[in-house]
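Build the complex from these two chains, which are given one at a time in their own frames, with help from the hints.
One letter stands for each residue in the lines below.
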Amino acid sequence: MPSALINVPAKAKRGDIIEIKTLMSHIMETGYRHMASGEIVPRDIITSFTCRYNGSEIFRADLFPAIAANPFIAFFTTATASGKFEFEWIGDNGFSETASASITVE
Amino acid sequence: MRLAGTIVAALLLADAAGATEIPTAERRSGYSFMTPETQTIQDDETANPGLLWALDGEALWKRKAGTADKACADCHGDASTSMKGIAAHYPAFDKALGHPVDLGQRINLCRTDHQKASPLAYESRDLLALTALVARQSQGAAIETGSDPQLEPFIAKGRELFMQRQGQLNLGCANCHDDNWDKRLAGSAITQAHPTGYPQYRLEWQSLGSLQRRLRACITGVRAQAYDYGAPELVELELYLMSRARGMPIEAPAVRP
Numbered sequence: 002m003p004s005a006l007i008n009v010p011a012k013a014k015r016g017d018i019i020e021i022k023t024l025m026s027h028i029m030e031t032g033y034r035h036m037a038s039g040e041i042v043p044r045d046i047i048t049s050f051t052c053r054y055n056g057s058e059i060f061r062a063d064l065f066p067a068i069a070a071n072p073f074i075a076f077f078t079t080a081t082a083s084g085k086f087e088f089e090w091i092g093d094n095g096f097s098e099t100a101s102a103s104i105t106v107e
Numbered sequence: 163m164r165l166a167g168t169i170v171a172a173l174l175l176a177d178a179a180g181a182t183e184i185p186t187a188e189r190r191s192g193y194s195f196m197t198p199e200t201q202t203i204q205d206d207e208t209a210n211p212g213l214l215w216a217l218d219g220e221a222l223w224k225r226k227a228g229t230a231d232k233a234c235a236d237c238h239g240d241a242s243t244s245m246k247g248i249a250a251h252y253p254a255f256d257k258a259l260g261h262p263v264d265l266g267q268r269i270n271l272c273r274t275d276h277q278k279a280s281p282l283a284y285e286s287r288d289l290l291a292l293t294a295l296v297a298r299q300s301q302g303a304a305i306e307t308g309s310d311p312q313l314e315p316f317i318a319k320g321r322e323l324f325m326q327r328q329g330q331l332n333l334g335c336a337n338c339h340d341d342n343w344d345k346r347l348a349g350s351a352i353t354q355a356h357p358t359g360y361p362q363y364r365l366e367w368q369s370l371g372s373l374q375r376r377l378r379a380c381i382t383g384v385r386a387q388a389y390d391y392g393a394p395e396l397v398e399l400e401l402y403l404m405s406r407a408r409g410m411p412i413e414a415p416a417v418r419p
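Read top to bottom, the protein sequences are chains A and B. The numbers in the first sequence follow the working numbering, run straight up by one, and end at 107. The numbers in the second sequence follow the working numbering, run straight up by one, and end at 419.
Note that these hints are calculated values from the structure, not bench results. No experiment lies behind these values; they were computed from the predicted model shown. Just so you know, even glycine gets a beta-carbon here, dropped at the ideal spot from N, CA and C. A portion of the hints provided could be inaccurate.
Only some residues are given here: those of chain B computed to face chain A with a beta carbon under 8 Å [what the hints assert, rightly or not]: (1) Thr208; (2) Leu217; (3) Gln330; (4) Leu331; (5) Leu333; (6) Gly371.
Isolated chain B (complex conformation) (with noise of 0.2 Å):
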């Protein structure tokens, strides 16, 4: 009982302290979490197995799909230099749509508007391939994404949701990942949930994986009913989150424990 009455002034604290944004000066890629051998794996270019998925992408970007018979190729050409800095921008607002879409999903408008070709599923390996192949392009480059003025009320609605308290434990993204990214959690480090690195390895997942699925487990995590995969709330958690990233430098493909 004790401990439990611990743990409750424990959260009434960090809701008192309120959930603080993080100076930018203090901001962390969870590559800095990581233990060296783990960070010798994101670094080392034949070790790094998000890299497999890349070089399926490359022999994917030059394969022909759908009814219009092309190939990403055919229209983007080189994606080395046709991609580089692309997914700095992501997600993007999207004009025909009225709303942000991200990095997977505009790859498949691009399949069904363009190609003719059915959408892939979401982390189906080929849409995976393709995305680390357009995210690899950008690594380095300062993340952009949230500039445009359109997607404003999109960040807006990305924070409350990060802000917002759900679930069986009820807890807030923010009350982990802003007030106590210092700390550890069941042995791992919490980290600033920057999305540096997406579409990541993780060690523990044995696959490259989105952004959708580690937000997915997140809220799984605090025991809420996930979002669907392409959920425009999912879309607006990835927004908010890679806009306050923003300077930060794209990792992709990261590898994460």
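Next up, chain A with everything else stripped away, as it sits in the complex (with noise of 0.2 Å):
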């Protein structure tokens, strides 16, 4: 049941510079930690973090094992038109998230 929170302004003048911001819920294990039992505790994080605007992917970004549990991730783009952002993570064991919020430009 991974959650995720997004903020996108919802309204923009054409032009604007807007801040996107998410977060999204995961454990984002190393894989370089030991059980007591000795073994590894298996990697387990995202990847892959892609934010695309009307279609077109505007922002990527690789995560590796080195960055916290429960990424946080924010930047910014320029309000081009009315439309949708859509968010996507990808990770270990098959994890895959996606999300989205509108704004209106004008």
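Here it is, written out as structure tokens:
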């Protein structure tokens, strides 16, 4: 039941620079830790994050074991047209989550 | 040797000064000891990871559980109205049990008594999620824990535990949190130990955690044997700490370093 928190301004003027903030629920287990029995705790991380704005990719990030649990990713873009932001997180063990947010550009 | 002597002298001095309780006007939330960056994480509704648990809690609130096949929402309705201000009274006295219970224990009592479901494990994601959801509804409300006169003997026990030196380091909670809260320990602010934001997200834990987890970490830190989760001593400590923070606003889910 992974949950995400997304913050995209509901409205913007054309040409405005807007901030997009995302928070995804994930343990980000590094794969470097050991259990009491000596076995390695298997790596379980998000490996990739993508944001599309009306279908075209505007932001992508690769994630690595050193990134903290519940990754918070914030970035800026220019509001060009009304439409939809689509977010996608992909990770180990078939982890795949999506979220979306709409914006009205005047 | 000289260093050791100085430390012993300092501790003796601290003892001589006595564990003086912090005057009401000088009480400060752990929030005020944090860097502006960490404060921003707590304040920003999309950056505070504690809210991920509250979101999970909302889903659990509506999910039926146990042989009674009831969800929390079936009795309590919408958490945002029915649970408003509730966490500000916890730990609270339970008449049937004859002792105080904390918010997590109350949720589990509801599960076993009314939902006829198995209790959730301490520090499990589900219990923290439900606790976060309930506690969040009291955000900004003043802590009222301890106003019930039946709690008095338990608060007194909690206070005794707070003052009592223990462990290989022979330290009581008060030696740091009453006497030295304006100083630092290994670079970190000591703080006044007002539990205003539990369950809270600690960057160190990379997770949400309960006040009992925090207390156990501190007890282990003075190299004493920590009480088990759910032990009456931990609840009494929670109760004492919440009652001495009476009047301070709830921040749950708070973020701490």
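Item to complete: Hints the structure violates: just list their numbers, smallest first.
Response: As far as the earlier hints go, 3, 4, 5, 6 are violated by this structure, in ascending order.
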